[in-house]
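A.B. asks: Given these sequences and hints, build the entire structure.
For the record, the sequence lines run as chains A and B.
Under the working numbering, the first residue of the first sequence is numbered 1, with each subsequent residue one higher.
Under the working numbering, the first residue of the second sequence is numbered 388, with each subsequent residue one higher.
Hints are supplied without guarantee of correctness; some may be wrong.
[Unchecked claim] In silico DSS-like cross-links for lysine-lysine, where the CA-CA straight-line distance does not exceed 30 Å:
hint: 1; chain 1: B; residue 1: K502; chain 2: B; residue 2: K539
hint: 2; chain 1: B; residue 1: K509; chain 2: B; residue 2: K539
hint: 3; chain 1: B; residue 1: K475; chain 2: B; residue 2: K485
hint: 4; chain 1: B; residue 1: K416; chain 2: B; residue 2: K502
hint: 5; chain 1: B; residue 1: K426; chain 2: A; residue 2: K371
hint: 6; chain 1: B; residue 1: K392; chain 2: A; residue 2: K371
hint: 7; chain 1: A; residue 1: K367; chain 2: B; residue 2: K391
hint: 8; chain 1: B; residue 1: K426; chain 2: B; residue 2: K416
hint: 9; chain 1: B; residue 1: K485; chain 2: B; residue 2: K467
hint: 10; chain 1: A; residue 1: K367; chain 2: B; residue 2: K416
hint: 11; chain 1: A; residue 1: K62; chain 2: B; residue 2: K417
hint: 12; chain 1: A; residue 1: K371; chain 2: B; residue 2: K391
hint: 13; chain 1: A; residue 1: K367; chain 2: B; residue 2: K392
hint: 14; chain 1: B; residue 1: K502; chain 2: B; residue 2: K467
hint: 15; chain 1: A; residue 1: K321; chain 2: B; residue 2: K392
hint: 16; chain 1: A; residue 1: K321; chain 2: B; residue 2: K391
hint: 17; chain 1: A; residue 1: K367; chain 2: B; residue 2: K415
hint: 18; chain 1: A; residue 1: K371; chain 2: B; residue 2: K467
These are computed hints drawn from the structure, not numbers from a lab.
Bear in mind the structure is a predicted one, so any value in this text is a computation, not a measurement.
What follows is the residue order along each chain.
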Amino acid sequence: MTLPPAFWTYLKVVLLVALVPAIVGFVVVLAERRLMGFMQARLGPNRVGPQGTLQGLADLLKLVTKEDITPSRAEKAVHSLAPVLAVIPALTALSVIPFGPPVRVGRTVVPLWVADVNIGLLFLLAITSIGVYGIILGGWSSNNKYSLLGGLRSAAQLVSYEVPMGLALVSVLLMTRSLSLVQSVRRQEAMHLWFVFPGLLAFFIYFVAGVAETNRNPFDLPEAESELVSGFNTEYSGVKFAFFFLGEYTAMIIISCVAVTVFFGGWLPPFPNVKALEFLWQVPPALWFLAKVAAFLFAYIWFRSTFPRYRFDQLMALGWKWLIPLALTNILLVAFAILLTPGWTTGLVWLGWTLGVLFVLAYLAAKLRQKLARRERLAAEPHPVEG
Amino acid sequence: MALKKWLDRITLLDLFDGLSVTGRHLLKKKVTIEYPEQKKLPSDRFRGMFRLDEERCIKCTLCAIECPINIIYIDWHNEKDEQNKSVKVLDRFDVDLKRCMFCQLCEEACPTVPKSIWLTTKTYEMAAYDRNESLYLDIRKLTDWREAPNVKPFTVVERG
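C.D. replies: Rendered as structure tokens:
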């Protein structure tokens, strides 16, 4: 018996689009709280279930059973609509992410993505941008000045960082020659090259902009607990608050997924060009994908527990004065690397080596200078009292 | 100078330094003590639960006099022992623990060596559901904690 193709589509919608963010969300919430605990030399929540594994479930139960409060002078309809607007676009965007190559189930070949849209990247940028409406409307409809400020900050932030993010992805388009995410992975497979190598700058810009777009530390100005009493979601409780939460974490997942697909070879194992590492292909490709996404989510958590929040003008300066010029320069570099060398790959490899070596050298030089300056300062200072 | 600053900036030197700090803490031993399962041994001068030695006590009532909020109540009378000597016998030695601030002045006032009343028992688990019954200590409860069921003597639990 062969099942109709529609069946597989429905199944994938349920599994990949609805279930994945929920499960990954649980894991990430727990991982975030525990890892942040570890980085602050404490243990984090470890009481619910073995090692706290059921913490997500307990949180969910708490949120679902909480009273759903709407402020008396809030815009009721918009207030209820906003959390939905924050979640739905994020979930929709998951449908174009290729989680792995097609797998064979019986006699049918099932691709591990819901849709291979030929304008995948554009679709992603467009859909994920809608998510900010949830935040702005939520902040505005609460009839609370702090929430409104949070929403406005979020709008400004999104407008500023959408530009460098798009420009960073343009340089990848030059390498891929396609907007489709599946094509991007196939291309990296054919070229035996992860695009992060020639696209080091592009990746850096993309990830910084991605962190900013998901409103995470150090760019969490819309929430800014210490200034805005948690910003746009102050007036939300219960399930609506949970929706904002889910939206934020799904957005994180999507940014990570796109980074993995576009820069880190999607489901490909590491070092696709090295013959000695061919045994890595034995691991199911979807697992490679998940592992890479997990690494990115870890980076998110690491950043959160390390970096202090940017001031608003610093945020704007970083976006407009640094990232956008950098992204434009990067496009030129990549274009010249492709144009001025024979074939498609040679120039990119050279570009990758040049950028990588230059950065490492600059970093070592800066580090050395820091060490020497420190030693000089210590020598100049009188020694602390002895004996 | 400006060039050096730029070098630091474009190589994200400070950001990497910060990440390495949190990265190291991720693997470090954690400082948390998981209280009911693990307990920290109080220091030697830790002021905790009272204890009274009735035989050492000379019934001088200095502790009750010294107490800044007057929560120690002592009554005694004279008795003749076997050698027909006059000895003081305690009728009442009560400490109203619920008002005690653990200042240790009573212990400092005690003239006997070693002290007859002391707080350095390292015992601090004496939470109770009622104030007037459980946190009012008479001679029985002060000399033998088994009589005061809300007092749990400190047991050493090693930190894991």
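A.B. asks: Indicate, hint by hint, whether the structure satisfies it.
C.D. replies: So, going through the hints one by one against the coordinates:
About 22 Å separates the Cα atoms of B/K502 and B/K539, which keeps this hinted pair within 30 Å; it holds. For the hint pairing B/K509 with B/K539, the CA-to-CA distance comes to about 11 Å; that is within 30 Å, so the pair holds. At most 30 Å may separate the alpha-carbon atoms for a hinted pair to count; B/K475 and B/K485 meet this at roughly 28 Å. For the hint linking B/K416 to B/K502, the alpha-carbon distance of about 40 Å lies beyond 30 Å, and the restraint is violated.
Distance hint between B/K426 and A/K371 is unfulfilled; the C-alpha atoms sit about 42 Å from each other, more than 30 Å. Between B/K392 and A/K371, the direct Cα distance comes to roughly 14 Å. Compliance with the 30 Å bound is thereby established for this hinted pair. A distance of roughly 11 Å separates the Cα atoms of A/K367 and B/K391; the hinted pair therefore holds under the 30 Å criterion. As the CA atoms of B/K426 and B/K416 are separated by approximately 17 Å, the hinted pair is consistent with the 30 Å bound.
Straight-line distance between C-alpha atoms of B/K485 and B/K467 comes to about 36 Å, which puts the hinted pair past the 30 Å bound. Between A/K367 and B/K416, the direct Cα distance comes to roughly 28 Å. Compliance with the 30 Å bound is thereby established for this hinted pair. Pair hint A/K62 plus B/K417 holds up; C-alpha atoms about 28 Å apart against a cutoff of 30 Å. Using a Cα cut-off of 30 Å, the hinted pair A/K371 and B/K391 holds, with the two alpha carbons roughly 13 Å apart.
For a cut-off of 30 Å, the pair hint linking A/K367 to B/K392 stands: about 12 Å separates their Cα positions. Proximity of B/K502 to B/K467 is assessed by CA-CA distance (about 25 Å); at most 30 Å being required, the pair is judged to hold. Pair hint A/K321 plus B/K392 holds up; C-alpha atoms about 17 Å apart against a cutoff of 30 Å. Using a Cα cut-off of 30 Å, the hinted pair A/K321 and B/K391 holds, with the two alpha carbons roughly 20 Å apart.
The hinted pair formed by A/K367 and B/K415 meets the criterion: a straight-line CA distance of about 24 Å does not exceed 30 Å. With a CA separation close to 83 Å, the supplied pair A/K371 and B/K467 exceeds the 30 Å bound.
Checked against the numbered hints above, the structure violates hints 4, 5, 9, 18; every other hint is satisfied.
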